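All chains, full assembly: derive it from the sequences and hints.
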Amino acid sequence: MSALLSVRGVSRSFASRHGPPTLALQATDLAVAENDFVTILGPSGCGKSTLLRIVAGLDQPSSGEVLLEGRRITAPGADRGMVFQSYTLFPWLTVRENVCFGLRERGLPGNEQIAIADNFISKVGLRGFEHHFPKQLSGGMQQRTAIARALANGPRILLMDEPFGALDHQTRELMQELLQGIWEAEKKTVLFVTHDIDEAVFMGSRVVVMSARPGRIKLDRPVPIAHPRHYSVKTTPAFSALKAELTEQVRVEVRAAQAAMAP
Amino acid sequence: MKPLTPVAPSARLALGIAFFIIFVAGWSLATFGGYVSKTFLADPATMVRSGWVLLTEQGFGWDIGWTVWRVFGGFVIAAALALPLGVAMGAYKPIEAFFEPFVSFARYLPASAFIPLLILWAGIGEAQKLALIFIGSFFQLVLMIAVIVGNTRRDLVEAAYTLGVGDRSLIRRVLIPGAAPEIAEVLRMVLGWAWTYVIVAELIGASSGIGHMITDSQALLATDQIIFGIIVIGLIGLASDMLFKWVNRRAFPWAQLGR
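Which chain is which? The protein sequence lines are A and B, in order.
Residue numbers for the first sequence follow the numbering used here, beginning at 1 and rising by one.
Residue numbers for the second sequence follow the numbering used here, beginning at 1001 and rising by one.
To be clear, the hints were calculated from the coordinates, so they are not data collected in a lab.
Listed below are the simulated DSSO-like cross-link pairs for lysine-lysine, each with C-alpha atoms no more than 30 Å apart in a straight line: (1) LYS1245(B) x LYS135(A); (2) LYS1002(B) x LYS135(A); (3) LYS234(A) x LYS187(A); (4) LYS234(A) x LYS218(A); (5) LYS187(A) x LYS123(A).
Keep in mind the model is a prediction, meaning the values are calculated, not measured.
Take a look at the structure:
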């Protein structure tokens, strides 16, 4: 079966003021199949967010190409929904208006927009908050709205850039379960960037580990844990074994990154 | 008192009023006490009395109407032209690069110094007054609106793009609504400046308006009337400022959250 998303030889280097350009991402290949949940794990600054932004079309690769259903990506589009680490709800719109944002852009009739939006608002557990402004919501609720906004647009793939990175530990775990449940029900394809090993294993059906800068994919592991997943799987031997292996792999990269930073 | 600790609303009001009372008390002491000659500074009672005469017998209400009309006329023209240009400059960097250096230069040109030229070009009629207010506020508005629009959060712009908006939609649905409350604040501030320009315009070559009354009173050494005129300007300015603030709060409730 051909991949829904294929990243082919994508690299990214940034011009630097002195000397040669800095290479942030080495030529990378990655294929994501339909309904897959791929988590990208790596130390900070390894280029994992850069890779995701290139897939989103928000950044241009220095070489290589990204294909979605065989079509080359050159710019951002509604077929790739994105949830950011920072809170990116439009502060002048209510929860419902935020979720309707992409639907309105497509010119859907108002009542259809509301029907779709309210469906996703209740899926993320925010029924009753339709008329709240983002500033009236907690961080977790804002990210849930952002997920609803991305899903309501019906994207082919959902890109998530450390979406729970700014949340406290307890909220983060609840959000992971919520997203798991939505993914199991909706059968969406997700590409999820994180530096949290627990999160990468619990969320992903496949974990990809990236090396320290300049980033490259050094490890690609399926997660041998069945769905539906309950939070208690975090204490199973299979989970622990994979987590131990990934922890070791990430540690090596963090050390390498720190060594590179040292004068 | 501890730094940055908020004050209760009632205490805040009382303190604000207290200074007005102290101010008037000091003024009364200086004038009624005979420390300052009446020729130079009228006492508060005389000021209020001649203010009443001005309003009831000398048609000062008419002057006030003219002045208010000029401020709003000049300001509305300036705002109507500054808004599209400022938004275009904020959104499109080549447009900004084209206009920004000139506008930055033009905003430092003292508006009042244009009066002789404007009289030459437009006479001493209404066009001259509107033009002065326009020069005084247009360039300031353009620059500030361009900066506000240009400072739109990039992550919101990126989020909008991933939701499928095009460039025109981005301006209409993200850049403008996001910048609107700050633009409204800038309009409020610049309207305050327009008040000083209109009086300057009326001091020189006008046959009506608050500024004209003040120059007339100068010839008669009527300090009571001059002070009354100045206070009226202050009160109208304060009232329009409060009205503007109220409208902004009502128009952009989301911008008030978490302040």
